[in-house]
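Below, each chain spelled out in residue letters.
Number of protein chains: 2
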Amino acid sequence: MKKKITIAIDAMGGDNSPDKIIYGVNLFLRKNITNNDFLLNLFGDEKKIKELLDKYNISTNLIKITHTSSVVSDEETPLTAVKNSKNTSMWNCIKAQIEGDADISLSAGNTGVLLVISRMILKMMNDVSKPALAGFWPNQKGMSVVLDLGANIECNDENLVDFAELGSALYKSLFSNEKPIVSLLNIGSEEIKGTELLKKTFKKLKTLSNDNNFIFKGYIEGNRLMDGDTNVIVTDGFTGNIALKTAEGTAKFITDNLKKSLKQNFFTRISLIFSYFAFKKFKEKLDPRKYNGAIFLGLNGPVVKSHGGTDAVGFYHSIDLCYKIIKGNLMHQIKNNLNHLNSEQQ
Amino acid sequence: MKKKITIAIDAMGGDNSPDKIIYGVNLFLRKNITNNDFLLNLFGDEKKIKELLDKYNISTNLIKITHTSSVVSDEETPLTAVKNSKNTSMWNCIKAQIEGDADISLSAGNTGVLLVISRMILKMMNDVSKPALAGFWPNQKGMSVVLDLGANIECNDENLVDFAELGSALYKSLFSNEKPIVSLLNIGSEEIKGTELLKKTFKKLKTLSNDNNFIFKGYIEGNRLMDGDTNVIVTDGFTGNIALKTAEGTAKFITDNLKKSLKQNFFTRISLIFSYFAFKKFKEKLDPRKYNGAIFLGLNGPVVKSHGGTDAVGFYHSIDLCYKIIKGNLMHQIKNNLNHLNSEQQ
Numbered sequence: 104m105k106k107k108i109t110i111a112i113d114a115m116g117g118d119n120s121p122d123k124i125i126y127g128v129n130l131f132l133r134k135n136i137t138n139n140d141f142l143l144n145l146f147g148d149e150k151k152i153k154e155l156l157d158k159y160n161i162s163t164n165l166i167k168i169t170h171t172s173s174v175v176s177d178e179e180t181p182l183t184a185v186k187n188s189k190n191t192s193m194w195n196c197i198k199a200q201i202e203g204d205a206d207i208s209l210s211a212g213n214t215g216v217l218l219v220i221s222r223m224i225l226k227m228m229n230d231v232s233k234p235a236l237a238g239f240w241p242n243q244k245g246m247s248v249v250l251d252l253g254a255n256i257e258c259n260d261e262n263l264v265d266f267a268e269l270g271s272a273l274y275k276s277l278f279s280n281e282k283p284i285v286s287l288l289n290i291g292s293e294e295i296k297g298t299e300l301l302k303k304t305f306k307k308l309k310t311l312s313n314d315n316n317f318i319f320k321g322y323i324e325g326n327r328l329m330d331g332d333t334n335v336i337v338t339d340g341f342t343g344n345i346a347l348k349t350a351e352g353t354a355k356f357i358t359d360n361l362k363k364s365l366k367q368n369f370f371t372r373i374s375l376i377f378s379y380f381a382f383k384k385f386k387e388k389l390d391p392r393k394y395n396g397a398i399f400l401g402l403n404g405p406v407v408k409s410h411g412g413t414d415a416v417g418f419y420h421s422i423d424l425c426y427k428i429i430k431g432n433l434m435h436q437i438k439n440n441l442n443h444l445n446s447e448q449q
Numbered sequence: 104m105k106k107k108i109t110i111a112i113d114a115m116g117g118d119n120s121p122d123k124i125i126y127g128v129n130l131f132l133r134k135n136i137t138n139n140d141f142l143l144n145l146f147g148d149e150k151k152i153k154e155l156l157d158k159y160n161i162s163t164n165l166i167k168i169t170h171t172s173s174v175v176s177d178e179e180t181p182l183t184a185v186k187n188s189k190n191t192s193m194w195n196c197i198k199a200q201i202e203g204d205a206d207i208s209l210s211a212g213n214t215g216v217l218l219v220i221s222r223m224i225l226k227m228m229n230d231v232s233k234p235a236l237a238g239f240w241p242n243q244k245g246m247s248v249v250l251d252l253g254a255n256i257e258c259n260d261e262n263l264v265d266f267a268e269l270g271s272a273l274y275k276s277l278f279s280n281e282k283p284i285v286s287l288l289n290i291g292s293e294e295i296k297g298t299e300l301l302k303k304t305f306k307k308l309k310t311l312s313n314d315n316n317f318i319f320k321g322y323i324e325g326n327r328l329m330d331g332d333t334n335v336i337v338t339d340g341f342t343g344n345i346a347l348k349t350a351e352g353t354a355k356f357i358t359d360n361l362k363k364s365l366k367q368n369f370f371t372r373i374s375l376i377f378s379y380f381a382f383k384k385f386k387e388k389l390d391p392r393k394y395n396g397a398i399f400l401g402l403n404g405p406v407v408k409s410h411g412g413t414d415a416v417g418f419y420h421s422i423d424l425c426y427k428i429i430k431g432n433l434m435h436q437i438k439n440n441l442n443h444l445n446s447e448q449q
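Chains as they are written, first to last, in my numbering: chain A, 104 to 449; chain B, 104 to 449.
So here's chain A without its partners, still in its complex pose (with noise of 0.2 Å):
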């Protein structure tokens, strides 16, 4: 019999928690169920999720739940967070994987404390310079995956090379096993334009790119970053940050303008009746609940951060996301990519 794949999941991280984990659980578990093939390992308040199990009247033979006593505060930092969090929801979640009852973690709750939990459990990989955390962008023609997004700030060369190849290995493990176009994102497409660090990591990507991992298609300015040419956008985490921030809050901008626009006469309600059905489509292709999940690779096993703000429907697709990387085997995709990075810099 073929193993199944455990996803282990802090039931306790971000708002309204478990309330909407435990229905998230619920969409998955009515999404997948002719699938038999995974098993889901929550941690957190057993008294609580248990009741949340019968409110929403699930089914517990795909569900195994574990204890734990306390949960990550918001307001713990990164700091102080290794002595107060061994008894917490999410370090009991990223502990599995290394006794051997998770394939994958994943976690709403606190960013920076579950890096750093991350990064101390699981270790580094061993050709790894940086872990990096990497999220999916929407674009004309799909998705691209994008990183890091905020785990380093600050970034050297060889960093960026990794993320390259971390990202790709992503890329593959979920759409296609055809080679990933990769792209530096920069503020101009020429060669000679950015800073000498892009210019050295521009130059080390090409060569890689003869290699079999990725295509590497030069710089990418922020406006093209949704054009959908490229699969993977690599960059340091400040820069990262502040371009998924801000494409956020220019897509909040938008859509607010917009709704009030529609909203201020007789004749523009009663537009709405007429395109019910297209800002319908508009919405859910552009709903951010779809992408929620930024995956921290380069350590030895994977973990999702779902948004701690999202609903029970984003924190479901960050559970399909689980669940599609392991299918996608990940972790071997990875360990190849780093393979042929070594054989190509000894």
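Quick caveat, the hints were computed from the structure, so don't treat them as lab data.
Chain copies aren't distinguished; within one or between two, either way the pair holds.
Using 27 Å as the maximum straight-line C-alpha spacing, the simulated DSS-like pairs for lysine-lysine come out as follows: (1) LYS226 with LYS296; (2) LYS363 with LYS384; (3) LYS107 with LYS167; (4) LYS233 with LYS302; (5) LYS244 with LYS386; (6) LYS189 with LYS296; (7) LYS355 with LYS383; (8) LYS244 with LYS366; (9) LYS303 with LYS233; (10) LYS186 with LYS296; (11) LYS366 with LYS355; (12) LYS363 with LYS383; (13) LYS363 with LYS386; (14) LYS393 with LYS427; (15) LYS355 with LYS386; (16) LYS362 with LYS386; (17) LYS233 with LYS438; (18) LYS355 with LYS296; (19) LYS355 with LYS320; (20) LYS107 with LYS153; (21) LYS134 with LYS383; (22) LYS153 with LYS106; (23) LYS393 with LYS107; (24) LYS362 with LYS384; (25) LYS167 with LYS393.
Quick caveat: nothing in here was measured; it's all calculated off a predicted structure.
With chain A held as given, fit chain B onto it using these hints.
Using the frame of chain A, we list chain B on its own:
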């Protein structure tokens, strides 16, 4: 008699020039038909300019034409530009300021060349460490000033403090005489977040905030740029350029998807009849042409860069911006702010 506001305009720079430039001039003259306090000094091919003035039936009593024999091409680089540019419309348009023929210069031509030429001809102000390119960003309450947008890809704390003073002066000259609220772009809002450079700048701006030029509000994240709670956003040119272009790309992605949704079938097309005016208003509010014009600050004279790809309406807005900048006495505001800075540092 009060001296007229004189605006030097490069009539040849950007796409579809001089046609769009002259039509932009036409729009400006029509909007300011009752004002008699300005003169537009056009630089370029005299024959072509005259033909277009005739074509659009433009009265020439507020216009002066200075013939120039060549144009800065899009392919010119900042390195070769100085040698090749002396007879161009751009060069002479900037030079007009030191010859007393203009209070401000405006061009839609090659950005890199414009920055180099401007700096060479007008020279940096004594108290400024680096000049910056400042732009306008729409928000829920109006507009904010963002700088630097790409003139300096690497900055130190002294540069960023100068940008705060320059940006505040620009905001005051255009919008209000009250103290502008200044924020520093970062990846978190807590004081401990970000690079060492940002932490150092944070401390300096906090001290200066007790002065009389601006109120320092602390860090701002990318997703809050459009909330309208801050008037001046300070960042280095690399980060500013990434943020600006990512916002542009996101806005385009969303509006493209919206258009597609609304044209998909008979019902959604009907809805457009009812929502026509609402969409028009929505489009007008977000029209990038209204924000056209970035200002090169920190030289002994202001230079405005219009987007090369904008149309006559966009160019009209950048002429209007020049007019308002001089009316608002920008250079006086800048000197005032820098004086404060100097006395603070002594």
